[in-house]
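**Q** Protein sequence lines correspond, in order, to chains A and B. The first sequence begins at 1 in this note's numbering and counts up one residue at a time. The second sequence begins at 1 in this note's numbering and counts up one residue at a time.
Calculated from the structure, these hints are not laboratory results. Treat the numbers as computed from the prediction; the structure is a model and nothing was measured. Some clues are possibly wrong.
To be verified - Far from chain B, some chain A residues (derived; all Cβ distances over 10 Å):
(1) 57
(2) 59
(3) 108
Stated by the list, open to error - Derived CB-CB ranges, DEER-like:
(4) B/193 with A/34: 45 to 53 Å
(5) A/146 with B/22: 30 to 38 Å
(6) B/131 with A/158: 50 to 58 Å
(7) B/235 with A/56: 19 to 27 Å
(8) A/52 with B/9: 34 to 42 Å
(9) A/17 with B/203: 34 to 42 Å
(10) B/201 with A/52: 36 to 44 Å
(11) A/124 with B/26: 20 to 28 Å
(12) B/132 with A/34: 34 to 42 Å
We put the beta carbon where it would ideally sit given N, CA and C, even for glycine.
In case you want the letters, here they are:
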Amino acid sequence: MNHVGVGSDEVEALARTEYERLVRAVTMACGSLTLAEDAVQEAFARAWRRADEGGTFSHLAGWVVTVALNQTRRVHRGDSSVPGGPSERHSPNSDRTEAIALRTAVAALPTRQREVIVMHYFLDWSISMIAASLDVSEGNVKNALFRGRRSLAAQLSLDEGAPR
Amino acid sequence: MTDLDERLSRRFREAGDMIDPQLSGDEVARSLGSRALQTSSGVERSKHRTLVGAGLAVFVVVVIGVLALALLPGDPHEPLTTPNDPPGTTPSTEATTDFVPTGVTPRIPEGCVALHGSDPWITIHENGPNPGLCVAIAADGTALIFNKGHDTVTIDGLPAGAISIGSDDWRWIVPAVDHLGPGVHRFTSSPYVMPEIWVVPRSESPLATLPLEIEGFGPFRLGMTIQEAQAAWGGELTVAESFAPGPRCWGASVPDDPYSPILIVEGDGGPQSRIEQIWVELPGQPSVGGIEVGMTEDEVRARAMDAGYNLAQWAEGGNVLEWTDEGQAGIELTAPDGQRVLVAAFLTGTELSGPDAPPASDRVRRLTVSSPNAFCSGPAPFSRS
Chain A
1 MNHVGVGSDE VEALARTEYE RLVRAVTMAC GSLTLAEDAV QEAFARAWRR ADEGGTFSHL
61 AGWVVTVALN QTRRVHRGDS SVPGGPSERH SPNSDRTEAI ALRTAVAALP TRQREVIVMH
121 YFLDWSISMI AASLDVSEGN VKNALFRGRR SLAAQLSLDE GAPR
Chain B
1 MTDLDERLSR RFREAGDMID PQLSGDEVAR SLGSRALQTS SGVERSKHRT LVGAGLAVFV
61 VVVIGVLALA LLPGDPHEPL TTPNDPPGTT PSTEATTDFV PTGVTPRIPE GCVALHGSDP
121 WITIHENGPN PGLCVAIAAD GTALIFNKGH DTVTIDGLPA GAISIGSDDW RWIVPAVDHL
181 GPGVHRFTSS PYVMPEIWVV PRSESPLATL PLEIEGFGPF RLGMTIQEAQ AAWGGELTVA
241 ESFAPGPRCW GASVPDDPYS PILIVEGDGG PQSRIEQIWV ELPGQPSVGG IEVGMTEDEV
301 RARAMDAGYN LAQWAEGGNV LEWTDEGQAG IELTAPDGQR VLVAAFLTGT ELSGPDAPPA
361 SDRVRRLTVS SPNAFCSGPA PFSRS
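Please model the complete structure; the sequences and the hints are all you need to start from.
**A** In C-alpha cells:
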C-alpha cells in the first residue's frame, strides 16, 4: 500500500468524524474506555504532528488505530477493566447482557486476534487494510481472524454456519 | 460472508453503541486545531502527555476555576499537579488526570543507568565502576559484580554481610529482590568504588508485564526502524555498539527501564536500522505460548506440545525449540527447587536472511559458553526442523 501525504486538516477531519467510533473500537480491543480515550487522543495528536511535519500514511485511520493499540499495550498493566463500566450508555438489560458477553469473549482472545477481530467486525475493514495497518501479512490476518472467529463462536454459543 | 459473520458484525455494532466516549470528535478536532498555534510558536510537547490532554487540562482548569470563583468564593482548594506533570506545567485538577496517559518509564534516579538482560555486569576496577556510579536492575533479574582490578575488593552493605571478590573474579546477586529488596542500596567498598544499585520493582515498569508476541513486544514491532520504534515508544532508545560480534548487529533498549527487552537491530546502528529480533531474558515475562525464562525442559516440552501453543503455525519453522547440553550457569540459579533450568531466554524474530522472512516466536534458546551471541554475523541462530 502506498504511503501518501496527509495534511493536518485531514487529521482534524478524521477526528471530527471518526474519533468516537475509533474510541469504541479500541475500547473493545483493550477493555478500558478511559485507556482507549487516552490512547486515541494520543494517536490523533501524533498523527497531527506527523502530518504537520510532512509525514506520510498508508491509511490514516489505520495508522491512528494501530498507534492507539500500541499505546494501550504500553500502558496496560494487566488490570483488565470489566466491560460495561459506569461511563457506558444505559441500554435494555438484554442488550447489555449480550454486549458484555461479547466484550468478555473478545477480552479473552489473544491480543492480535482481539485487534484483528475488532477491526474486521466492528470497523468493517478489509483483510488487506488490516494487514497494512498492522504491518503484517494478509495470511497472518486471516489466521488470526479464523482463530478469533472460532473462539468467539464457541464462547458465545453461536453456530459457525456455512458460507453463503 | 457467513451467517456467523453477519451476527458477529451486528453484535459488535450493538456493543459499540453502548460505549459512550466522554468527548466528541468535534471537541478533539478543536483541541488538535489549537495545537497549531502552539507548534508555530515552537512549544515542544512533553513526550508523555497528549497534546489533547494538555489542551483539555487547560480548558478544564479554566472552566473549573470559573465555576469555583462563581460558586465557591474563598474556597481554599488549589489545583493539584499530577505526578506526570513536567516542571512548569500549568497545574491541573485531579479531574484532568483522566486525560493523562499513565504509561511512564520507571522513576529511576537521574544518572542511574538501567542494566538489561538476565545477567547484567557491574564492573569495578582501579578506574571506577562501569557503567556508572548508580545502576538500575530489575527486581527479578540478577546482577553480576565483576572485579576487573588487580586487587581483591571487599564490599559491605549486602544483607549477607561483607563479601570479597578476588581479582578477575565475580559474584552474582540473584535474584536481586531477594537479596536486596526494592529501592536504592548503597555500599562501602575498598579499594574500588562499588556503584549504588537501584532495584526497580516490576510494578513500576510498563514493560514488565507485557507478553512477547509473534510480531513484537509492546510498542516494539519486528521490522520497525529504530526511528519508528522510538516514535512508538515515545522516547529515546539506547543502541549498544558492541552488543554482538557481527558488524551489522546492534542491541537497542529503553535506557531508563531495566525491564526493557533487547531489540536486536541490523544495519549501521542508526535511525534506519531495523528490528530483527527481540530478546526477553527476565523471569516472569511470558511469551504468547506461555514459556518463561527459568522453565525446565519438561515444562517447555509440555507447552510446546500443547495445541494452543502453536500460534506461529502459519510461519514456516515457527515454534522451533533448540538447546544444547552445555548451558550457561547463571540462569540455573533461578530454579526454585534446584532443578536444572533450561530456558535462558526466549525471543521472537525473523531469520536474518531478509526482511520478508516471516516472524516466529517462542523459539527458546539456551545460552552457551561457546557461542553466547551468535547472531547477526553468521548463519541463522536456529535450525529448522
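**Q** Does the hinted range 19 to 27 Å hold for residue 235 of chain B and residue 56 of chain A at CB?
**A** holds (23 Å)
**Q** Is 50 to 58 Å right for how far apart the beta carbons of residue 131 of chain B and residue 158 of chain A are?
**A** holds (56 Å)
**Q** Is 34 to 42 Å respected by the C-beta to C-beta distance linking residue 132 of chain B and residue 34 of chain A?
**A** For residue 34 of chain A against residue 132 of chain B, whose Cβ atoms are near 38 Å apart, the range 34 to 42 Å holds.
**Q** Could you check the hint for me, namely that residue 124 of chain A and residue 26 of chain B are 20 to 28 Å apart, CB to CB?
**A** holds (23 Å)
**Q** Range hint 30 to 38 Å: satisfied by the CB atoms of residue 146 of chain A and residue 22 of chain B?
**A** holds (35 Å)
**Q** Lying within 34 to 42 Å: is that true of the beta-carbon distance residue 17 of chain A to residue 203 of chain B?
**A** Holds: the Cβ-Cβ distance is about 39 Å, inside 34 to 42 Å.
**Q** So residue 59 of chain A supposedly isn't at the interface. Is its beta-carbon more than 10 Å from every beta-carbon in chain B?
**A** Given that every Cβ of chain B is farther than 10 Å from that of residue 59 of chain A, nearest at about 16 Å, it holds.
**Q** So the hint says 45 to 53 Å: do the beta-carbon atoms of residue 193 of chain B and residue 34 of chain A match that?
**A** Since the Cβ atoms of residue 193 of chain B and residue 34 of chain A sit about 46 Å apart, the hinted range of 45 to 53 Å holds.
**Q** In terms of Cβ atoms, is chain B entirely out of 10 Å range of residue 108 of chain A?
**A** holds (13 Å)
**Q** Taking the CB of residue 52 of chain A and the CB of residue 9 of chain B, does the distance hold inside 34 to 42 Å?
**A** This hint holds: roughly 36 Å between Cβ atoms.
**Q** Check the following: the C-beta atoms of residue 201 of chain B and residue 52 of chain A are separated by a distance inside 36 to 44 Å.
**A** holds (39 Å)
**Q** So is residue 57 of chain A really clear of chain B, every C-beta pair being over 10 Å apart?
**A** For residue 57 of chain A, whose nearest Cβ neighbour in chain B is about 13 Å away, the distance exceeds 10 Å, so it holds.
The structure shown violates none of the earlier numbered hints.
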